[in-house]
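Asker: Okay, here's what each chain looks like letter by letter:
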Amino acid sequence: MSAAASVDITAEELLRSEQQKDLLRLVTAGSVDDGKSTLIGRLLYDSHSIYEDQLHAVKRASRGNLELALLTDGLRAEREQGITIDVAYRYFSTAKRKFILADTPGHEQYTRNMATGASNADLAVLLVDASRGIQPQSKRHAHIIGLLGIRHLAVLVNKMDLVGYAEDIFLALQQELLVAIEQLDFETVEFFPVSSSDGINVVRRSPLTPWFRGPALLEYLENIDITRSEHNKPFRFPVQRVQRTDDFRGYSGQIATGKITVGDSITVLPSLRSTRVKSIVTFEGELQRAVSPQSVTLTLEDELDISRGDAIVETENLPFTTHNFRARMIWFSEEPLDPKRRYTLKHTTQTVPAEIAVESRLDISTLATERSTGLRINDIGDVVVETSRPIFFDPYSQNRKTGSFILIDPATHNTVAAGMITSPVSDSGRQQTSGRRHGRVINVTDHKPLEEMFQNGSRETLPEHVVVLSNWNRKAVELLSGAGFDVLLLDAPSGIGENLPEGEILALLQNRIHE
Amino acid sequence: MSSRLTHLQTLEAESIHIFREVAAEFQRPVMLYSIGKDSSVMLRLAQKAFYPGRIPFPLLHIDTSYKFREMIEFRDRQAQQLGLKLIVHTNQEALDAGTNPFRVGTQRCCELLKTQSLLDALRAGGFDAAFGGARRDEERSRAKERVYSVRDAKGQWDPKQQRPELWNLYNGRIGPAESVRIFPLSNWTEMDVWQYIDSENIPIVPMYFAKPRPVLVRGEQLLSVEQPFVPQLPGESPQLVMCRMRSLGCSPCTGAIRSEADTLPKIIEELVTFRRSERENRVIDHDQDGSMELKKRAGYF
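Residue numbers (the numbering used here), protein chains in the order written: chain V, 1 to 515; chain E, 1 to 301.
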């Protein structure tokens, strides 16, 4: 909303610049009374995203001073109780970006809403109260944020006005939280000393914290690079519908990850039939190339039997296909998980009956894992899922779209759980039963030693049990390593296989470290 | 093509995904078509979702009979040009009993001509899913609505029983008498809608563009007089004022705003400098605190 305010530009120029913005999705979390609603009210108010009549309504309802929190507390029950009980979505924009903010409740019993808000977020804003220190709840929230695969965390040390904007208090809290989230896999973590009620360091940097070198929160949100390179991931296209007219047969869906070009070879799951992309059809005309998250319709060179729930993926890089996998799950329902029951599992566009066996449960207050066979509301547990038909997936850590699922209670139709897939079960099963040595999988990012070896040596240089793959293909890796080959992958996505120091790779290649 | 999608491309892709999910998972979907700018955008997104096929469900217009003339003309023209299956439903019984906002009050009038009429039409058509153009940025209680909003047999919304909605995995499972309201524009803002209309050349009702119109000037309110029952104050007569509609509803309850914006870029420029929210000219939202939430609980969109 602030774009036009000062600069003198024409309506057309303004329109063009508005249309070129990108989108950042964020989620906010904090305990009750950490001042979250006030912060959001402040962001909306100071970025001029509040309309006058809405402000009037809030002024009418405020007791005395303008209560910014009232701008965001939507439902009557919340206004009556003065707490936020459901996820609310807020929209604001600056000259650079559009923002979709999921405002999630701080109450412990509403963990599920927190997970809901976090599921689509690129970035999380976690509030802690400088005057009360880091509460157990803050650590739990950070944990859920990490669990849901959010890469960027902004920690707002709020109510700095109550501690006289003291740097040492800020630094101590920063240290304490950094230790608490050490295990979690964030790409970036930033800390901000803030007073949301006074607007300190929220939209503009404040002279009250001269010792703070970083940007104000909004500046940071405008500039952070959240390109998650979703289109550099393997191509995944869950089929939503088969689009048929008299002379047309295409497969409609949204590209979950990756990109596709006309002529690319693809494989259909679960049939494993392969063909090529003939055309990429949209209302605007045919495209030569499409990227995630575009919604398109694909036609294929060959007529294959494909229906909703199938997936079109790149041939060179197949996902796992199995009916037995491990997952981390958050239980939402008042009714505890029943291991004897069948639930309905929805994953991408596939819906299948599934049974769940719980292995352990995360104690959210101590963040320790304990053995358990059940899950109750707001519990987080490690489970083994068995579906009645195989589903295709990637681990959630690599792909949020093809690694996530929800569970539906077939009797009440409620969504009772959300799951994040960690790995197939069958792999380890095969390892144990075959009695054969499972090959190592090594990710080589520095090719130099390999190249030198191939240049200097002959074909015999390579030991018999080693294969080198220049293209990361899960199926091939699975088969080869399962058959006992050591697989060297060139430039596989990070997180795949082991990373070994150069010396060890050379040793392996020269057959010096075997048996 | 650049690899980075703009916010409009991202929102479009998300909405198309929702349309296709519903078409694949429900027996009898229907799209609520209110003729306004949001409906125009929804219609275009539905065309895109099912291209090169036709939209695989009918459109439903709840006609209170008090809509602006230009709206009805636009509706009929669109339906004809695009070959849409359009159902128009009116609560004739209530109209015959003399229902209008001045006789029964705005709340009761909406209840009978919109909410009741909508529920009747949905039941008559046996529809299990109904698309609506509501956006979360419109009003506080809408900020908490899911994309799939489950309604009981009476079409009522219970905000405490909302299902968690994660990733883009929508739960469309319902009991025999239940139905789902679907909001494909949930994440769009008023600004996004206008930008999209501009970039896609989407036809909209001409009343959104400023021109001199005869209106009754009542303080800040500018009222078009299309219905004979709108009482005129002594000595009051329509004046020609340069104005436009920011949102469209029933003529007796929707005021115009003073504006010079007669093109899309000017409307968008106006929006940037606007300090009033778009539902402000709607008398019905202000009849009591939290009134939108109460209407939604009762079955309104």
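Hints in this document: simulated from the structure, not taken from any laboratory. We put the beta carbon where it would ideally sit given N, CA and C, even for glycine. Some clues are possibly wrong.
Listed next, the stretches of chain V that the computed footprint assigns to chain E, with coverage defined by at least 3 CB atoms under 8 angstroms from CB atoms of chain E [as the list claims (entries may be wrong)]:
| # | stretch |
| --- | --- |
| 1 | 15-24 |
| 2 | 36-45 |
| 3 | 185-199 |
| 4 | 275-285 |
| 5 | 338-344 |
| 6 | 401-408 |
| 7 | 464-475 |
Asker: Does each hint fit the structure? Answer for all of them.
Answerer: Verification of the hints:
1. 15-24: Coverage by chain E holds for the stretch 15-24 of chain V (7 residues, Cβ < 8 angstroms).
2. 36-45: violated (count 0)
3. 185-199: violated (count 0)
4. 275-285: holds (count 3)
5. 338-344: violated (count 1)
6. 401-408: holds (count 5)
7. 464-475: violated (count 0)
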